[in-house]
Amino acid sequence: MSEPGMVLNNSAQAGATREQELIASVQGGQHELFYELVRPYERRVYAAALAILRNEHDAEDAAQEAMLKAFANIRQFRAEARFSTWLIQITVNEALMRRRRERTVPMEGIDGHRSGRGDEDSDYTPRDFADWREIPSEALERKEVRQRLAEALGTLDRKYREVFVLRDMEHLNIQETAEALGITVASVKTRLLRARLMLRDLLAAGWEQGWFSRLPFEKGTKPW
Amino acid sequence: MVNHEAVNCEQVWREISNYIDGDVDAALRSTMDEHFRTCKKCASVLAGTRNMVQLYGDERMLEVPAGFSRRLEQRLEQRLEKKPARASHSRWSSWAAWLVPVAAIALIAGGVLLTNSLTHGRFIKSYHALPANNIPPDLVVVVSSGSKIFHVPGCPFIHDKVTERTTTAKQAMQEGYVPCTRCLRQYLKTSLTGHPGADDVEREEEPEEVVSTGGR
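Line order of the protein sequences matches chains A and B. Residue numbers for the first sequence follow the numbering used here, beginning at 86 and rising by one. Residue numbers for the second sequence follow the numbering used here, beginning at 2 and rising by one.
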C-alpha cells in the first residue's frame, strides 16, 4: 500500500507533467488550451494584482490583461522557470505599470505616515507578547475570518503588503520577489520582516476586538 | 552582525523572519532555538508569526470576485477569436476552421449535381430514345424487328427491311417504339433547344430534311 505522502508526490508530479504538456501544446498552436493552462493560477494572479492596486475592479482588469499578455508571449516562456512564477511576474509588472500610469491608488496604510526609507531600515518592535495559541487553518472555512485577515493585510503600507503577498501568499522565493518588484534582496527581507511582525500584532489586536470571537478555542483561552 | 553566543530579544526579532524561512546559518539557529526555550515573549512572537504566515499562505485566502472565472474565460475567448489567421484559437473556431471549407465544397458539389440533374442528365439518353411530341396517332409508320424505332415509309434508316411492317404511330408507341430522329424529327420534344446536345441532333438531322419532306 502506498504512503499518503507518496500519493501526493505522484499527484503533484502528474500535475507538473500535465502543465508541461499544456505549455508545449499552446506554444505549438493549440491556443484553445491556454485557459486550461492558466486556470489553476487565476486566484493567485488576481491576488497579486489586488495587493498592488487595492481596487477589485482594477485588479480584475489587470489580471485579465496579464493573462492576455502571457498568452501573447507564451513562446518566450522557457521550461527552466516555473510557469506560475512567470505568470505572477507578468501580473506584477502589469499592476505596477497601471499604478504608475494612473496614480490613483491609495498609498497610506498602517505605518504609512512613517513609511520612508528610514523607517524601513529601523527595527520593528512587536507590541503584543501574550501567549499565542495556534489559530487552526479550519478557521479559514469561515468567510468572516478570511475577510478579517484580508482587512488586516489591507491596512499595511503598500511596500510591505506587496512583498508579503508575493512571498507568503504567492510563494515566490526572496529572489523572485525582488525581481518582480524591482527591489533588492535585502529590501525584500527587511520589508517582509516588518510585514510579518505587523500582521501578527494586527491579528492580536483583532482578537481583542472580537474578530475571532467564535473560533473553536477552549473557553477562556486566547489564541496567543 | 548577530553575536551567535548569546542573543537578546531585539536581535531575535530582527532575524525571526529569516529564521522562519530557514535563512540563518546553523550556529545562529542553534542560538535562537536556545533563546526561544527560555524567553516566553519571543516564543510567542515566533509562534504567532509562524501561524499567521501559515494562515495567509493557505489557498483559501486567495479569493476572487463572483464571476471572475467566467469573465476571464470570455475575455480570452474574445482575444482568441480575433486571430483567425492562427490555427485553432478556440474549440469553437477550431471547428469553424474546418466547417467553412467543408461547407463550401458541399455547396459547390450540390450546385454541380443540381445543374446536372436539370440539364445534362437528359443527354445521357440515346437520341433515338427521345419521346414523341404531338405525333398524330393515326400516322402511318413503318416498324421492323431490327430496332425499336418507327419511321415514315421510305426512310433510308430503316433497319432490317425484310421484317418491316406498316402500322400507326399510336400502335407503334404502345409496342414500345420511339420515333426516328431523322424522318420524324419534327415530332421530337424540343425542350432541349439551345443545349449543345440539341444542336448536335439538329446538325445530324440536316440531311434528312429531304427525307421527311419527301415522305408520303
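What the hints contain is simulated information worked out from the structure, not anything from laboratory work. Hints should not be assumed to be uniformly reliable.
Stated by the list, open to error - What follows is a set of in silico ranges between Cβ atoms, one per label pair, in the way DEER data are often shown:
{"hint": "1", "chain 1": "B", "residue 1": "Glu11", "chain 2": "A", "residue 2": "Arg103", "range": "45 to 53 angstroms"}
{"hint": "2", "chain 1": "B", "residue 1": "Arg30", "chain 2": "A", "residue 2": "Thr240", "range": "15 to 23 angstroms"}
{"hint": "3", "chain 1": "A", "residue 1": "Ala271", "chain 2": "B", "residue 2": "Glu35", "range": "43 to 51 angstroms"}
{"hint": "4", "chain 1": "A", "residue 1": "Glu223", "chain 2": "B", "residue 2": "Val103", "range": "28 to 36 angstroms"}
{"hint": "5", "chain 1": "A", "residue 1": "Ala290", "chain 2": "B", "residue 2": "Arg15", "range": "48 to 56 angstroms"}
{"hint": "6", "chain 1": "A", "residue 1": "Glu141", "chain 2": "B", "residue 2": "Leu114", "range": "53 to 61 angstroms"}
{"hint": "7", "chain 1": "B", "residue 1": "Glu35", "chain 2": "A", "residue 2": "Thr210", "range": "18 to 26 angstroms"}
{"hint": "8", "chain 1": "B", "residue 1": "Arg15", "chain 2": "A", "residue 2": "Gly114", "range": "13 to 21 angstroms"}
{"hint": "9", "chain 1": "A", "residue 1": "Ala99", "chain 2": "B", "residue 2": "Ala7", "range": "46 to 54 angstroms"}
{"hint": "10", "chain 1": "A", "residue 1": "Ala101", "chain 2": "B", "residue 2": "Glu11", "range": "39 to 47 angstroms"}
{"hint": "11", "chain 1": "A", "residue 1": "Ala99", "chain 2": "B", "residue 2": "Arg15", "range": "37 to 45 angstroms"}
{"hint": "12", "chain 1": "B", "residue 1": "Arg15", "chain 2": "A", "residue 2": "Ala97", "range": "32 to 40 angstroms"}
{"hint": "13", "chain 1": "A", "residue 1": "Ser222", "chain 2": "B", "residue 2": "Gly23", "range": "39 to 47 angstroms"}
{"hint": "14", "chain 1": "A", "residue 1": "Glu187", "chain 2": "B", "residue 2": "Arg15", "range": "23 to 31 angstroms"}
Claimed, not checked - Taking lysine-lysine pairs in the BS3-like style, the calculated list, with each CA pair at most 25 angstroms apart, reads:
{"hint": "15", "chain 1": "B", "residue 1": "Lys83", "chain 2": "A", "residue 2": "Lys154"}
{"hint": "16", "chain 1": "B", "residue 1": "Lys162", "chain 2": "B", "residue 2": "Lys149"}
{"hint": "17", "chain 1": "B", "residue 1": "Lys171", "chain 2": "B", "residue 2": "Lys149"}
{"hint": "18", "chain 1": "B", "residue 1": "Lys42", "chain 2": "A", "residue 2": "Lys274"}
To be verified - For the chain A half of the interface with chain B, some residues (derived, Cβ under 8 angstroms), not all of them:
{"hint": "19", "residue": "Glu127"}
{"hint": "20", "residue": "Met152"}
{"hint": "21", "residue": "Ile159"}
{"hint": "22", "residue": "Asn178"}
{"hint": "23", "residue": "Asp253"}
{"hint": "24", "residue": "Glu264"}
Even glycine gets a Cβ: it sits at the ideal position worked out from N, Cα and C.
We went through each hint and held it up to the structure:
no.	hint	in the structure
1	B:Glu11 to A:Arg103: 45 to 53 angstroms	48 angstroms, holds
2	B:Arg30 to A:Thr240: 15 to 23 angstroms	32 angstroms, violated
3	A:Ala271 to B:Glu35: 43 to 51 angstroms	27 angstroms, violated
4	A:Glu223 to B:Val103: 28 to 36 angstroms	56 angstroms, violated
5	A:Ala290 to B:Arg15: 48 to 56 angstroms	22 angstroms, violated
6	A:Glu141 to B:Leu114: 53 to 61 angstroms	60 angstroms, holds
7	B:Glu35 to A:Thr210: 18 to 26 angstroms	22 angstroms, holds
8	B:Arg15 to A:Gly114: 13 to 21 angstroms	53 angstroms, violated
9	A:Ala99 to B:Ala7: 46 to 54 angstroms	49 angstroms, holds
10	A:Ala101 to B:Glu11: 39 to 47 angstroms	43 angstroms, holds
11	A:Ala99 to B:Arg15: 37 to 45 angstroms	42 angstroms, holds
12	B:Arg15 to A:Ala97: 32 to 40 angstroms	35 angstroms, holds
13	A:Ser222 to B:Gly23: 39 to 47 angstroms	21 angstroms, violated
14	A:Glu187 to B:Arg15: 23 to 31 angstroms	36 angstroms, violated
15	B:Lys83 to A:Lys154	15 angstroms, holds
16	B:Lys162 to B:Lys149	13 angstroms, holds
17	B:Lys171 to B:Lys149	14 angstroms, holds
18	B:Lys42 to A:Lys274	22 angstroms, holds
19	Glu127	6 angstroms, holds
20	Met152	6 angstroms, holds
21	Ile159	12 angstroms, violated
22	Asn178	18 angstroms, violated
23	Asp253	5 angstroms, holds
24	Glu264	17 angstroms, violated
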